[in-house]
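Asks: Protein chains in written order, with the numbering used here: chain A, 52 to 404; chain B, 52 to 404.
Keep in mind the hints are simulated off the structure, nothing from the lab.
None of the values given here were measured: they were computed from a predicted structure.
Be a bit skeptical, because a hint or two may be false.
One copy or any two copies: either way a pair holds, since identical chains are not told apart in the list.
To be verified - 25 angstroms max Cα-Cα, derived SDA-like pairs, lysine to any residue:
(1) K313 <-> E361
(2) K303 <-> L92
(3) K303 <-> R85
(4) K303 <-> E89
(5) K94 <-> L108
(6) K303 <-> L87
Chain by chain, the residues run as shown.
Number of protein chains: 2
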Amino acid sequence: MRGVASSRGEAGAMKERRERIGAMHGAGGEVMGRLLSEHILPKFALRSAGPVGLDALDDGASLSLPDGEVVVTTDAHVVHPLFFPGGDIGRLAACGTVNDLAAMGARPVACTLAMVVEEGFPLDELDTILSSCAQILWETETALVAGDTKVMGRGELDGVVLTMTGIGVAQRVIRDSELQAGDVLLVTGPVGDHGMALIAAREEFHLESDLLSDVAPLWPLIGELLAEVRITAMKDPTRGGLAAAVNEMARKGEIGVELDEKSIPVRAQVRAVANLLGLDPLQAACEGRAVLGVSPADAQRALEILHRTELGKDAAIIGWVGEHRPGKVVLNTSVGGRRLLEMPLGDPLPRIC
Amino acid sequence: MRGVASSRGEAGAMKERRERIGAMHGAGGEVMGRLLSEHILPKFALRSAGPVGLDALDDGASLSLPDGEVVVTTDAHVVHPLFFPGGDIGRLAACGTVNDLAAMGARPVACTLAMVVEEGFPLDELDTILSSCAQILWETETALVAGDTKVMGRGELDGVVLTMTGIGVAQRVIRDSELQAGDVLLVTGPVGDHGMALIAAREEFHLESDLLSDVAPLWPLIGELLAEVRITAMKDPTRGGLAAAVNEMARKGEIGVELDEKSIPVRAQVRAVANLLGLDPLQAACEGRAVLGVSPADAQRALEILHRTELGKDAAIIGWVGEHRPGKVVLNTSVGGRRLLEMPLGDPLPRIC
Chain A
52 MRGVASSRGE
62 AGAMKERRER
72 IGAMHGAGGE
82 VMGRLLSEHI
92 LPKFALRSAG
102 PVGLDALDDG
112 ASLSLPDGEV
122 VVTTDAHVVH
132 PLFFPGGDIG
142 RLAACGTVND
152 LAAMGARPVA
162 CTLAMVVEEG
172 FPLDELDTIL
182 SSCAQILWET
192 ETALVAGDTK
202 VMGRGELDGV
212 VLTMTGIGVA
222 QRVIRDSELQ
232 AGDVLLVTGP
242 VGDHGMALIA
252 AREEFHLESD
262 LLSDVAPLWP
272 LIGELLAEVR
282 ITAMKDPTRG
292 GLAAAVNEMA
302 RKGEIGVELD
312 EKSIPVRAQV
322 RAVANLLGLD
332 PLQAACEGRA
342 VLGVSPADAQ
352 RALEILHRTE
362 LGKDAAIIGW
372 VGEHRPGKVV
382 LNTSVGGRRL
392 LEMPLGDPLP
402 RIC
Chain B
52 MRGVASSRGE
62 AGAMKERRER
72 IGAMHGAGGE
82 VMGRLLSEHI
92 LPKFALRSAG
102 PVGLDALDDG
112 ASLSLPDGEV
122 VVTTDAHVVH
132 PLFFPGGDIG
142 RLAACGTVND
152 LAAMGARPVA
162 CTLAMVVEEG
172 FPLDELDTIL
182 SSCAQILWET
192 ETALVAGDTK
202 VMGRGELDGV
212 VLTMTGIGVA
222 QRVIRDSELQ
232 AGDVLLVTGP
242 VGDHGMALIA
252 AREEFHLESD
262 LLSDVAPLWP
272 LIGELLAEVR
282 ITAMKDPTRG
292 GLAAAVNEMA
302 RKGEIGVELD
312 EKSIPVRAQV
322 RAVANLLGLD
332 PLQAACEGRA
342 VLGVSPADAQ
352 RALEILHRTE
362 LGKDAAIIGW
372 VGEHRPGKVV
382 LNTSVGGRRL
392 LEMPLGDPLP
402 RIC
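Whenever a hint applies, use it, and build me the whole structure from the sequences.
Replies: Quick look at the structure:
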């Protein structure tokens with residue numbers, strides 16, 4: 052199963068008529084020009100953030116950035132399957148970009164998209180992927196200003212790789228290294244949904260579930276928080292999940308973190324899939340969550356702001372920051388024990404994002 | 052043959068001991084952290100262009116940009132083979148980024164690098180690729196400020212895909228659409244070397260040649276030109292070669308271009324390989340050339356500036372711009388004829404860059 056389009060059970064004859072990506076679609080001439088003008092440009096409503104935008108199809112774009120500190124982030128997306136419960140690689144790439152900017156305290160302004168597509172890939176599936184991407188950029192008022200398209204032969208690439216680079220502007224850049232002793236740690240929603248939904252969607256695991264990825268854009272949620280609360284440090288827990296993100300924050304801040312397992316929101320289905328496979332839901336990737344520190348005085352206010360939004364309605368206070376055991380994360384377990392929550396060697400699942 | 056390292060004829064036993072990329076190198080935890088700190092960070096001398104740089108390994112970087120117009124460009128590089136005469140994918144990716152900025156009149160300031168690597172790829176070859184990339188960034192004073200690493204399984208990806216995004220600053224952005232009637236057209240060096248060197252390097256063509264790719268950074272060459280000459284329009288001819296670049300400039304400028312075939316510098320070896328395969332050297336990719344328009348009053352000065360540099364020593368005036376046949380490129384051939392030089396459907400060679 053390549054994805055939703057091919058799983059809808061079209062007749063073979065119809066599949067034969069599907070238009071497919073050919074080598075010339077990535078070869079820089081007339082054929083690529085038609086792909087751009089007919090299938091890419093029309094999907095993205097915001098195509099410039101300055102004098103030279105995407106429509107110019109020039110060697111690059113030029114930007115007029117609002118006042119503030121310029122933030123840049125990049126991610127290659129190789130998720131498998133390309134279409135998964137709750138999203139697809141297009142939505143994932145756009146959210147990944149917006150979320151890395153948001154985690155730095157930056158409002159997204161512009162982005163670039165470099166696609167590498169397997170020869171023979173169905174054009175209608177590429178259309179779906181690009182539409183999903185465009186939808187998130189529209190919702191977050193992010194312009195797609197530049198791009199690139201390459202084609203690799205059959206057997207040289209499995210599906211599609213999307214690399215997006217985001218450019219945003221922060222009034223105050225938020226680092227992942229600035230947790231302060233006394234800070235309260237919050238997470239904006241249940242963790243591990245993306246990782247466990249991906250596992251459940253893979254044929255090799257023979258699982259049935261109605262788990263959905265949490266893939267969603269964290270801006271404007273973070274923007275609303277920043278308007279009222281001082282966030283000391285923030286990270287979006289993707290590969291390696293909450294465990295990797297909080298360990299990184301503890302190490303970089305040279306400070307100890309205590310987490311209260313009972314307070315960490317984990318959906319019952321996520322826990323069930325994790326238990327079944329012997330995985331730790333705290334190591335499973337999220338794609339629409341942030342973990343952040345605030346001073347104790349700000350914690351309730353932050354929670355209220357998060358709770359009044361759809362994306363943050365299950366936000367919770369999950370821990371606190373101290374000066375003992377610097378660089379370590381201690382988990383106070385649901386059954387009353389205490390153990391170190393280690394930095395994972397890596398996400399247990401390949402091609403998770 | 053994967054590339055230079057495996058073509059040097061090491062003993063099988065030595066190959067067995069080669070360290071290879073594993074799935075965990077792209078999984079966001081401890082193992083990826085070691086790859087970053089031991090193999091990536093030390094190679095790049097310039098790792099920040101503002102308060103938050105690459106060393107922070109945060110969700111993104113922050114930039115302090117000099118005055119001017121911000122320019123951004125992105126390209127995915129899928130070149131095959133990864134190591135080719137005159138360069139490798141690392142050098143190509145860095146030059147491609149710098150050159151797209153230069154073609155917009157922008158001095159490169161910072162870039163990001165997203166790598167997708169095939170599981171099992173030899174770490175020493177990745178080291179070579181990254182060192183080549185770092186060398187160009189060093190030469191052009193471009194900081195690597197953010198990145199991403201993903202691993203795809205064997206059979207899911209052939210080798211390495213490098214996507215770089217460049218951020219630069221222009222005092223005056225140069226478009227590819229602003230050719231003016233009366234302009235003189237220059238090219239900064241011989242065309243088609245990259246495309247024909249790649250063809251000659253591919254085993255399936257059974258060719259022997261000592262052709263080298265022209266892959267080189269166009270900045271600071273373009274910077275020197277800009278200091279003394281007003282460039283009206285510029286493009287770097289990659290996929291589809293000079294023919295694609297000049298056709299695009301003519302179309303976008305709604306102006307006619309006449310090229311003088313005899314004046315277009317093409318190396319004898321490039322012509323020979325092209326003739327042998329029935330290809331047009333004017334459609335073959337360059338990776339270290341620019342084509343640009345200047346007013347007749349500036350043409351000789353521009354040529355002098357180019358000629359005093361190593362990269363521009365074979366620069367030539369190759370044509371002129373007029374108001375007749377808008378959007379078309381007419382080639383005055385070496386044998387005294389005239390014909391339209393058409394926009395190519397696409398580069399004849401897949402995975403050229």
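Asks: All the hints need checking, so say for each whether the structure fits it.
Replies: Checked hints:
Proximity of K313 to E361 under the C-alpha cut-off of 25 angstroms is restricted to the intra-copy arrangement: shortest distance 22 angstroms within a copy versus 67 angstroms between copies. For the identical chains of this complex, K303 and L92 are inter-copy neighbours only, at 17 angstroms across copies versus 41 angstroms inside a copy, given an alpha-carbon limit of 25 angstroms. Taking the shortest Cα distances, K303 and R85 sit within 25 angstroms of each other only across copies (15 angstroms), while inside one copy they are farther apart (48 angstroms). In the homo-oligomer, the alpha carbons of K303 and E89 lie at most 25 angstroms apart only across protomers (18 angstroms), although the nearest pairing inside one protomer, at 47 angstroms, exceeds that limit.
Proximity of K94 to L108 under the C-alpha cut-off of 25 angstroms is restricted to the intra-copy arrangement: shortest distance 15 angstroms within a copy versus 33 angstroms between copies. Taking CA atoms no more than 25 angstroms apart as the test, K303 paired with L87 passes between copies only; the shortest distance there is 15 angstroms, against 43 angstroms inside one copy.
In the structure shown, no violation is registered for any of the earlier numbered hints.
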